[in-house]
Amino acid sequence: MNATLLIATNTLRQTIRQRLYLNIGVFGVGMILLSMVVGQITFGYPDRVVRSLGLSGCTLAVDLLALLTAVSLIYEEIDKKTLFVVLTRPVDRWQYVAGRYLGLLLAVALALVGFAVVFLITLRLAGGTLTSSDLVALLAILPEAAILGGFGLVLSAFSTPTLSTGIGLGFWMAAATTDDLVGLTANADLPLKLVAKAAYYVLPSFARLDFRDAAVYQASVAPAEVGYSLAYGMLYAVGLVALASVILTRREMV
Amino acid sequence: MMTSQEPMVRVRAFSKTFYVGLRRKPSYAARDISLEVQPGEIFGFLGPNGAGKTTTIKALLGLIRPDQGELSLLGHAISDPAWRARVGYMPEHPTFYDYLTGHELVTWFARLSGVNRIDAEKEARALLERVGLSQAMNRRLRGYSKGMLQRTGLATALAGSPSLLILDEPMTGLDPIGRRDIRELIMSLKAEGKTVLYSTHILSDVEMTCDRVGIINKGASVRTGRLDEILGQTARGYQVVVSGLGPEALARAAAEQAEAEVREGKIEALFTERAAAWDFASHLVAAGGVLERFEPHRDTLEGIFMRSLATGEYKE
Chain A
1175 MNATLLIATN TLRQTIRQRL YLNIGVFGVG MILLSMVVGQ ITFGYPDRVV RSLGLSGCTL
1235 AVDLLALLTA VSLIYEEIDK KTLFVVLTRP VDRWQYVAGR YLGLLLAVAL ALVGFAVVFL
1295 ITLRLAGGTL TSSDLVALLA ILPEAAILGG FGLVLSAFST PTLSTGIGLG FWMAAATTDD
1355 LVGLTANADL PLKLVAKAAY YVLPSFARLD FRDAAVYQAS VAPAEVGYSL AYGMLYAVGL
1415 VALASVILTR REMV
Chain B
299 MMTSQEPMVR VRAFSKTFYV GLRRKPSYAA RDISLEVQPG EIFGFLGPNG AGKTTTIKAL
359 LGLIRPDQGE LSLLGHAISD PAWRARVGYM PEHPTFYDYL TGHELVTWFA RLSGVNRIDA
419 EKEARALLER VGLSQAMNRR LRGYSKGMLQ RTGLATALAG SPSLLILDEP MTGLDPIGRR
479 DIRELIMSLK AEGKTVLYST HILSDVEMTC DRVGIINKGA SVRTGRLDEI LGQTARGYQV
539 VVSGLGPEAL ARAAAEQAEA EVREGKIEAL FTERAAAWDF ASHLVAAGGV LERFEPHRDT
599 LEGIFMRSLA TGEYKE
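Protein chains in written order, with this note's numbering: chain A, 1175 to 1428; chain B, 299 to 614.
Hints may contain errors.
[Claimed, not checked] Chain A residues, not near chain B, derived (Cβ > 12 Å throughout):
#1 Val1211
#2 Phe1217
#3 Phe1332
#4 Ala1381
[What the hints assert, rightly or not] Dumping the calculated DSSO-like pairs for lysine-lysine here, alpha-carbon to alpha-carbon at most 27 Å:
#5 A:Lys1254 with B:Lys444
#6 B:Lys323 with B:Lys516
#7 B:Lys516 with A:Lys1255
#8 B:Lys488 with B:Lys444
#9 B:Lys444 with B:Lys420
#10 B:Lys323 with A:Lys1255
#11 A:Lys1255 with B:Lys444
#12 A:Lys1254 with B:Lys323
#13 A:Lys1254 with B:Lys516
#14 B:Lys420 with B:Lys488
Since the hints were made in silico from the structure, they are not lab data. Quick reminder that beta carbons are idealized off the backbone N, C-alpha and C, glycines included.
Please work from the sequences and hints to get the whole structure.
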């Protein structure tokens, strides 16, 4: 097995044995189950409520898991000097970063599968049936989490987990509102417009990865649109991982 | 490609400056460090805290970039990754993945060095037995004591059968038994033909294990050489030991010499000049004493180390 896969399997094992993984798992399952309770006390369309709240709960939990895990993935290894020993083996720094990221993605995907199962059961209990738009909405959570995980990894290559978490949450909120930025600053002064425009092009757009409305209202989604969104998310994430590799390659292990 | 004469480790005129704080204040971690470690020897890398030992080791392992100097491992430049599968490293106070067992960890590192899974598992078991962790190898590392982690670090460094071991303060934090075990392990590695470079503050360990030493201070090499040569070159005078005299004669003789003391019915005296030592010994023998010892008085490594740091007199 090559070094990247060895590091990935170790990172997967590390992530799923952490208390954070369990805590966010409980939080996500709680959010999905809560959707059923709210669906029962809401007049009409309990399955819509389950879809809306349940999918939002899944997204929130998976995104949080990706970001909070990623911000310490490299930093803690430098802090504990474990990375020093790893890098004296036949492992390139980019392989290390790629392995850490791949392991994180696997752990996040595993959590997403778990949440999807709970969501499906909840939906059935609320009288709904699983449709292709539900699956698309669930699947689209992964590229969003991949971007957040990639951004967390970039921060982790040079910053402390606490600071990285703050910056990461800001990035998350900005990415969720990117599409609104240009509209909101349409009548603003030129400098502000330019800043909004720059943010629009630089930051990812999570709106393009959000298919929850389509799932709630059972609207069909064109396969090309799904493919484009997934490719967009994954490419953005790959760019972030490459950036993290460059930072770590240039960094001195003091 | 390494030739038989080529050193396993070569550092020539290494310097490194870190820039700290917002004002980028320079901190000179290494100014002029040179050393060579030959195949099959145990090399002790000595220096006080902040002398530049860890900085040099990190530069050797490619963890930091040297500002100046030529560094190589096993005949390869540091930038060439060819040395990596053949070098084992243990940092000071090693910390590992505490959710893994000792066996899982060492297996993982062996596999990172290119060993296949089955052989890596076997090797991990053998290495953990060798460092005295056979009973604890299936326990998670979070339950290990500091000494056990140190031993695990050594097993990890040995994973993949490297021919060169670089150990940063391997005895730090160990009790006397643990230190003895590590010393014996290092000696056994030499017997297997492996080369060991280790940094330490514990001079008695160096005296017991090392073939050669390098002393650095304030980022510069102060002295490098064979341990027996260093100790042999620094005779501080001559020691005379005479027994068989009565208490009064002993007391009188001791009073005549500034550096003399009576111990267990013998007088032990130190002289800077050989002739003076010989006159003293002859006088006591003529008075009925028995000459037990007349030999050059060798310095201890600690004495050499302390004076080297204080005066820089041995700078080469």
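To see whether the hints hold, each was checked on the structure:
1. The Cβ of Val1211 (chain A) lies farther than 12 Å from every Cβ of chain B, with a closest approach of about 35 Å, so its non-interface assignment holds.
2. The claim that Phe1217 (chain A) is not at the interface with chain B holds, since no C-beta of that chain comes within 12 Å of its own (minimum 48 Å).
3. With a least CB separation of 15 Å from chain B, Phe1332 (chain A) remains clear of the 12 Å interface cut-off, as annotated.
4. At the 12 Å boundary, the C-beta of Ala1381 (chain A) stays outside the reach of chain B, the nearest C-beta of that chain being 38 Å off.
5. Between Lys1254 (chain A) and Lys444 (chain B), the direct Cα distance comes to roughly 14 Å. Compliance with the 27 Å bound is thereby established for this hinted pair.
6. For the hint linking Lys323 (chain B) to Lys516 (chain B), the alpha-carbon distance of about 17 Å falls within 27 Å, and the restraint holds.
7. Only pairs whose Cα atoms come within 27 Å are accepted, and Lys516 (chain B) paired with Lys1255 (chain A) is accepted, the gap being roughly 24 Å.
8. Restraint check for Lys488 (chain B) and Lys444 (chain B): the C-alpha separation of about 25 Å stays at or below 27 Å, so the hint holds.
9. Of the pairs offered as hints, the one joining Lys444 (chain B) and Lys420 (chain B) holds, with about 25 Å between alpha carbons and a cut-off of 27 Å not exceeded.
10. Only pairs whose Cα atoms come within 27 Å are accepted, and Lys323 (chain B) paired with Lys1255 (chain A) is accepted, the gap being roughly 25 Å.
11. Note on Lys1255 (chain A) and Lys444 (chain B): the hinted pairing holds, with a Cα-Cα distance of about 15 Å set against a maximum of 27 Å.
12. In summary, the hint linking Lys1254 (chain A) to Lys323 (chain B) is supported, as the alpha carbons are separated by about 26 Å, within the 27 Å threshold.
13. With a C-alpha separation of about 26 Å, the suggested pairing of Lys1254 (chain A) with Lys516 (chain B) holds against the 27 Å cut-off.
14. For the proposed pair Lys420 (chain B) and Lys488 (chain B), the alpha carbon gap of about 22 Å is at most 27 Å, so the pair holds.
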